[in-house]
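S.K.: Two chains, two frames, some hints: make the complex.
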Amino acid sequence: MASKSRSLPLTKRGLNFEMMMWLFTRLSALAMYGLILVAIAGALIMGARTQMNMADVLRWGFMPNPNHVQSTDIPALEPWATPFWAVTASLLLIVAVAHGVHGLVVIADDYIVSANGRKIVRLLSIIMMISMTLIGLYILWRDILFPAG
Amino acid sequence: MSLKRNVSLATGLRYKGQGPMLTFVLHRIGGLGMAIFVTVHILASFLGGELGVFLNTVYENWLFQIFVFFCALFHAINGLRITILDLFPKLLEHSREAIWIEWAVFVPVFGIAVLVIVQSALGG
Chain A
1 MASKSRSLPL TKRGLNFEMM MWLFTRLSAL AMYGLILVAI AGALIMGART QMNMADVLRW
61 GFMPNPNHVQ STDIPALEPW ATPFWAVTAS LLLIVAVAHG VHGLVVIADD YIVSANGRKI
121 VRLLSIIMMI SMTLIGLYIL WRDILFPAG
Chain B
1 MSLKRNVSLA TGLRYKGQGP MLTFVLHRIG GLGMAIFVTV HILASFLGGE LGVFLNTVYE
61 NWLFQIFVFF CALFHAINGL RITILDLFPK LLEHSREAIW IEWAVFVPVF GIAVLVIVQS
121 ALGG
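Listed in order, the protein sequences are those of chains A and B. Read in order, the letters of the first sequence correspond to residues 1 to 149 in my numbering. Read in order, the letters of the second sequence correspond to residues 1 to 124 in my numbering.
Source of the hints: derived by calculation from the structure; they are not laboratory data. Be aware that one or more of the hints could be misleading.
[Unchecked claim] Computed beta-carbon distance windows for the label pairs:
#: 1; chain 1: B; residue 1: LEU51; chain 2: A; residue 2: LEU124; range: 20 to 28 Å
#: 2; chain 1: A; residue 1: PHE24; chain 2: B; residue 2: HIS94; range: 34 to 42 Å
#: 3; chain 1: A; residue 1: LEU124; chain 2: B; residue 2: ALA104; range: 35 to 43 Å
#: 4; chain 1: A; residue 1: ALA81; chain 2: B; residue 2: ARG14; range: 20 to 28 Å
#: 5; chain 1: B; residue 1: MET21; chain 2: A; residue 2: ASN116; range: 28 to 36 Å
#: 6; chain 1: B; residue 1: MET21; chain 2: A; residue 2: ARG122; range: 23 to 31 Å
#: 7; chain 1: B; residue 1: LEU55; chain 2: A; residue 2: ILE127; range: 21 to 29 Å
[Claimed, not checked] From chain A, some residues computed to sit far from chain B (all C-beta separations above 12 Å):
#: 8; residue: ILE36
#: 9; residue: GLY47
#: 10; residue: MET52
#: 11; residue: MET63
#: 12; residue: PRO75
#: 13; residue: TRP80
#: 14; residue: ALA86
#: 15; residue: ALA96
#: 16; residue: ILE107
#: 17; residue: LEU123
Predicted, not measured: the structure shown is a model, and the values here were computed from it. Ideal Cβ positions, reconstructed from N, Cα and C, are used throughout, including at glycine.
Isolated chain B (complex conformation) (with noise of 0.2 Å):
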């Protein structure tokens, strides 16, 4: 019952999925880094002590922010945008031009959000 791809890591890598794939790729690395950082977050907050201390030196580290920042904010209007897509079939026809939206709301919102993580990490 196993399945048979037979495509290699290079061959993925050449699939011109263009714009659609790409927030494919970004919903899915987003999903996994708030998978892995929302598991660590939990488990240290119930471990606490020396532990729980570190990982919150790390949360608090302004990359680590803007990469959490990332994550979420993508997965969360991009998965919007699947929603709607999805629960209202009709506007497939318009796929494209829900994913120009897509980053015409994600673009501004995260840089300001990276212009002020950046800025108070400088010492505001």
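Looking at chain A on its own, in the form it has when it is part of the complex (with noise of 0.2 Å):
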């Protein structure tokens, strides 16, 4: 190993939008672990009495809304069909989407040459996961917020 550090001091190391998206996507890779274990946890104390089997307990944990476990052996929906879980729920949809569009961007900077399509990407991503995470949470919400509508 070289006796010269090998590390730049944080103000030379260009802290850019870059460098910025490329710590989100490791940190939401990370909190995503820790809402999809939340959602696990959730369903297996939830769902510990009715023997519910782990192909539903994990369905739960990749998105815990009742929608989801809809067409499986729960009796009751209603003690899923919290605001704690549509909050959960919510987190995890937008770290997703975010994380998800940045991963397409950096996939399509591989592959796209020119850089105004470049730019179009980005802007295309952009309302992609805008459009997306209002979709998303407008699901998420609505048999909680709209009951029977």
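M.R.: In structure tokens form, the structure reads like this:
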């Protein structure tokens, strides 16, 4: 190992947008792990009495929204349709959409050669991120905010 | 400002990236697969109706379930490896070993899941 320090001081490292998104991708991955583990723990607790199977626990883990386990053996979905799970699901949705759309931009940047093309992709990705987040939030909250609507 | 790589697809396919390159490619396929699936899935449950029902029958197909579970599980495990190695750069010296650990976790979990999916597809 060379005696010279391999790391630059923070001020010289270029703390720019790409660096922040690089960090966001890693941290959002950890956040998704945390949120999915919370959801799986919740499903294990709430589904224990009804012999919930592992596939349904995982379905709840990937998106803790009652619609996601509607067609399973769970007898009553009321205890699952609480604001707590809607908030957890919303956080998971927001983090996952941002992580995923940024991933699409990274992939597009690898194959799109022209600078203008990249600008268009960035614009489209921002539109997609906002619209998918809003549509997802509407789906997650509509049964709580507009019951039987 | 445009990039000029001048690398053909054939040259790209002959690139000997080995294990790390394979995880890179699979991570990309998994991410793309999930992004497309989740987008269509959200839109389907938003629109509902016949289209939503049709898309649900596609999702319930066991081949599709195996594909999506591969995408999600590989992307999650590989992503955790990338996150750990990037946030603790000293561990990068052991990146090859980390990839072996990753496969050691992925293969049994995915294998059991495929077994269960195929079993229920064949009627329990």
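S.K.: Could you see if the CB distance from ALA81/A to ARG14/B stays within 20 to 28 Å?
M.R.: violated (54 Å)
S.K.: Mind verifying the non-interface call on ILE107/A? Its CB should be farther than 12 Å from each CB in chain B.
M.R.: violated (6 Å)
S.K.: Just double-check MET63/A for me: nearest Cβ-Cβ distance to chain B has to come out over 12 Å.
M.R.: violated (9 Å)
S.K.: Should the label of GLY47/A as a non-interface residue stand, given a Cβ cut-off of 12 Å to chain B?
M.R.: Check passes; 17 Å lies beyond 12 Å.
S.K.: Does the claim that MET52/A lies outside the interface with chain B hold up, using a Cβ gap greater than 12 Å?
M.R.: holds (15 Å)
S.K.: Between the beta carbons of MET21/B and ARG122/A, is the distance compatible with 23 to 31 Å?
M.R.: The hinted range 23 to 31 Å holds for MET21/B and ARG122/A, with Cβ atoms some 27 Å apart.
S.K.: Taking the Cβ atom of LEU51/B and the Cβ atom of LEU124/A, is their distance within the range 20 to 28 Å?
M.R.: The hint (20 to 28 Å, Cβ to Cβ) holds, given that LEU51/B and LEU124/A are roughly 23 Å apart.
S.K.: Any Cβ of chain B at or closer than 12 Å to LEU123/A, or is the non-interface label fine?
M.R.: Since the minimum Cβ distance to chain B is about 17 Å, LEU123/A lies beyond 12 Å and the statement holds.
S.K.: Please settle this one: ALA96/A was flagged as non-interface, so is its CB more than 12 Å from every CB on chain B?
M.R.: Incorrect as stated: the minimum Cβ-Cβ distance to chain B is 7 Å, not above 12 Å.
S.K.: Please check whether the beta-carbon of ILE36/A is more than 12 Å away from every beta-carbon in chain B.
M.R.: violated (8 Å)
S.K.: Determine whether the non-interface label on TRP80/A survives the test: each CB of chain B must be over 12 Å from its CB.
M.R.: holds (16 Å)
S.K.: Against the range 35 to 43 Å, how does the distance between the Cβ atoms of LEU124/A and ALA104/B compare: consistent or not?
M.R.: holds (39 Å)
In summary, the numbered hints that this structure violates are 2, 4, 8, 11, 15 and 16.
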